[in-house]
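As you go down the protein sequences, you meet chains A and B in turn. Note that our numbering has the first sequence beginning at 1, numbered continuously upward. Note that our numbering has the second sequence beginning at 1, numbered continuously upward.
If you are wondering where the hints come from, they were derived from the structure by calculation, not from laboratory data. Every residue gets a Cβ at the ideal spot worked out from N, C-alpha and C, and that includes glycine. Be careful, since some hints might not be right.
Sample of chain B residues with no beta-carbon within 10 Å of chain A, all distances over it, derived [as the list claims (entries may be wrong)]: (1) CYS153; (2) ILE178; (3) THR181; (4) GLY203; (5) TRP247; (6) GLY289; (7) VAL372; (8) VAL398.
Heads up, simulated DSBU-like pairs for lysine-lysine below, C-alpha to C-alpha not over 30 Å straight-line [stated by the list, open to error]: (9) LYS285/B / LYS103/B; (10) LYS351/B / LYS141/B; (11) LYS295/B / LYS285/B; (12) LYS78/A / LYS429/B; (13) LYS284/B / LYS103/B; (14) LYS295/B / LYS284/B; (15) LYS288/B / LYS103/B; (16) LYS78/A / LYS226/B; (17) LYS226/B / LYS429/B; (18) LYS449/B / LYS351/B; (19) LYS449/B / LYS141/B; (20) LYS103/B / LYS295/B; (21) LYS78/A / LYS88/A; (22) LYS88/A / LYS429/B; (23) LYS226/B / LYS131/A; (24) LYS88/A / LYS131/A; (25) LYS351/B / LYS88/A; (26) LYS429/B / LYS74/A.
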Amino acid sequence: MGSNASSESIRTWRIGRAVAGALGLLFAILYLIEGRNLDIGRLNAPGPGIFPLVVGVIFALVSAGVIADALLTKDAGKASFPQGEDRKRLVTIYGCFVLYAVLFNVIGFPLATFALVTLFTRIVGEISWLKAILCGLGTTCLMWVAFVVLLNVRLPMGIWS
Amino acid sequence: MDLLWNLLQGFEVALLPQNLLAALIGAALGTAVGVLPGLGPLGGAALILPFTYSMEPTAAIIMIAGIYYGGMYGGSTTSVLLNVPGETASVVTTLDGYPLAQKGRAAPTLFIMAIGSAIAAFISLVLLIFFSPWLARFGLKFGPAEFFAVMTCGLILLSRVSGGNLVSNLFPLMIGIIAGTVGQEAVSSVPRFTFGYFPLIAGLELTAIAIGLFGIAEILRTIEAKESLPKVMRIRVRDMLPSRDEWRRSWGPWGRGSLVGFVFGLLPGPSAALSSFTSYQLEKKVAKGRAEMGKGAIEGVAGPEAANNAAATSGMIPVLALGLPFSATLALILAALMIHGIQPGPLLPTKHPDIFWGVIASMFVGNIMLLVLNIPMIGVWVSMLRVPSWLLGAFVLVIATLGTYSVRGNMMDVYVLAAASGFGYFFHKLGFSLSPLILGLILGPEIEKHMRQGLYLSRGHLTYFIERPIAGAIWGVTITVLIIVLVMRFVKKDMSRKMASFEIED
């Protein structure tokens, strides 16, 4: 059982890093293609394109190195991602955070913050809805005082603008 | 005499009320983020960075530096009490710290750590004071070739000596350098990789990336599993006084640890973590109580704790005198200086003596504050261990987003924050080091600037970058170190494996 888990985590490590390397390689190629629009200049008068060209090529080589290392190394590491309920909780929270980032400017900071904190404390802390709503309200008020009143930051207020 | 006069001027700056307040807040926040689960000094410093933009540069640097060394101390508290290191440099402290706590000596151990950290910081600061003007004079001989060599070699060495395998450091480093090329280029103001999208012209915001990678990604990792609040023992101030034997056995490790830490702070790599590891190895060989090491010897705590604090202090030398950070937290200090339009480097002591000497003097003040905060208020910090991570997590998510948005009022930065947090989570899971990414992001544009200046000056002769004596020597030393590391790998496989277990997020 333990050995299975161990080989599974090594497999995850290899696949994960190979995918990261492949994405890096793809990105490096796109970066180099986009970088062709920039003037390289000459060695005695280098243009804005010379550095991206150099680092783009190095990045492509390093990405290829990541793929080779992931697939060929005998000294593979281990990686494991949460399963079942733990994974569901993590994905939900990260999803909530991404949604918060997207809606921050649309519905405004107070409503978005209230929703995020309420959901976060309810899901992660497993506290009652009432306590979670109080946490959401309290945090939103605290942040409003700290950022808007004390630090004078202009935040998107949504319907309260 | 000049040195003393400069230092006095520095104290005049450091003792200004706003700077004292910055040091106090920095030290307190640093201790708190070190103690709290799921947020290290790096995440804490990244979270604070946006708030420092509206501050005076000296106060801003003092606050971030306070978080850095405050975090070193706070992280060790959990090592002793819970066997859970708050940050990487405190891993070694668990080896003897936790057994000491089990023997009922937790309170005196925390006391020895606090005093040792302060003594180490003072020793390191005195050495720093004597060293800085010399380094600054040396730095005046630096031109584009030397800066290019020192930054490039620093990053190469960092990738090689930091532990883990080479690609684990190089891959994120290159991503950081590439991210640094997005936006308007500094020499001819040409927009690069913006795809005509206006908010990208100003480039990718460092704060958003640093907070995402180190703050929010850490929160995502802590919510992976359901937490159970740790049982924390009560620590009373009156129990903290060490016995005469513990005092006697701590002086040597404090002195040795301070010197080890000072030297490591000047070198590329995760200096705090490596210095505490080296100090522990040294104590195992020379300490009086070496037979007890690993079972609860006070030397095993006093030495490494002194070492990591001394390294945190001396790490400021390359940042202030050369503009060269060797860790991600120091890179944030560099970024804070640059955001205020101050170019760290050899000219800093003469152009901005108030900042240079003010920051050095403030570190004396900050360490005294740390001592005052940590000894009488130890109960407060220990009680913070009872803060549930779900409450902390919700706070961090919101503060991170609002802080990031407040820097430029640009929604693009909030999207980058969300993307960087997911990216940081996966990269950490897959064993990639994240600190090189931040270093690449900050140093990449500097390397490009010096490379292009060098090519202009030399009229395109590439040999210019290695034929100047200092640049040539830096490349020579780098190649030698790389060869030594390679040979050591074959000779001492066991040692490399131990070093590889250290992550480099310090």
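Results for each hint:
{"no.": "1", "hint": "CYS153", "result": "holds (15 Å)"}
{"no.": "2", "hint": "ILE178", "result": "violated (6 Å)"}
{"no.": "3", "hint": "THR181", "result": "violated (5 Å)"}
{"no.": "4", "hint": "GLY203", "result": "holds (13 Å)"}
{"no.": "5", "hint": "TRP247", "result": "holds (43 Å)"}
{"no.": "6", "hint": "GLY289", "result": "holds (36 Å)"}
{"no.": "7", "hint": "VAL372", "result": "holds (26 Å)"}
{"no.": "8", "hint": "VAL398", "result": "violated (5 Å)"}
{"no.": "9", "hint": "LYS285/B / LYS103/B", "result": "holds (23 Å)"}
{"no.": "10", "hint": "LYS351/B / LYS141/B", "result": "holds (16 Å)"}
{"no.": "11", "hint": "LYS295/B / LYS285/B", "result": "holds (15 Å)"}
{"no.": "12", "hint": "LYS78/A / LYS429/B", "result": "holds (9 Å)"}
{"no.": "13", "hint": "LYS284/B / LYS103/B", "result": "holds (20 Å)"}
{"no.": "14", "hint": "LYS295/B / LYS284/B", "result": "holds (12 Å)"}
{"no.": "15", "hint": "LYS288/B / LYS103/B", "result": "holds (19 Å)"}
{"no.": "16", "hint": "LYS78/A / LYS226/B", "result": "holds (22 Å)"}
{"no.": "17", "hint": "LYS226/B / LYS429/B", "result": "holds (18 Å)"}
{"no.": "18", "hint": "LYS449/B / LYS351/B", "result": "holds (21 Å)"}
{"no.": "19", "hint": "LYS449/B / LYS141/B", "result": "holds (18 Å)"}
{"no.": "20", "hint": "LYS103/B / LYS295/B", "result": "holds (10 Å)"}
{"no.": "21", "hint": "LYS78/A / LYS88/A", "result": "holds (22 Å)"}
{"no.": "22", "hint": "LYS88/A / LYS429/B", "result": "holds (17 Å)"}
{"no.": "23", "hint": "LYS226/B / LYS131/A", "result": "holds (19 Å)"}
{"no.": "24", "hint": "LYS88/A / LYS131/A", "result": "holds (22 Å)"}
{"no.": "25", "hint": "LYS351/B / LYS88/A", "result": "violated (55 Å)"}
{"no.": "26", "hint": "LYS429/B / LYS74/A", "result": "holds (19 Å)"}
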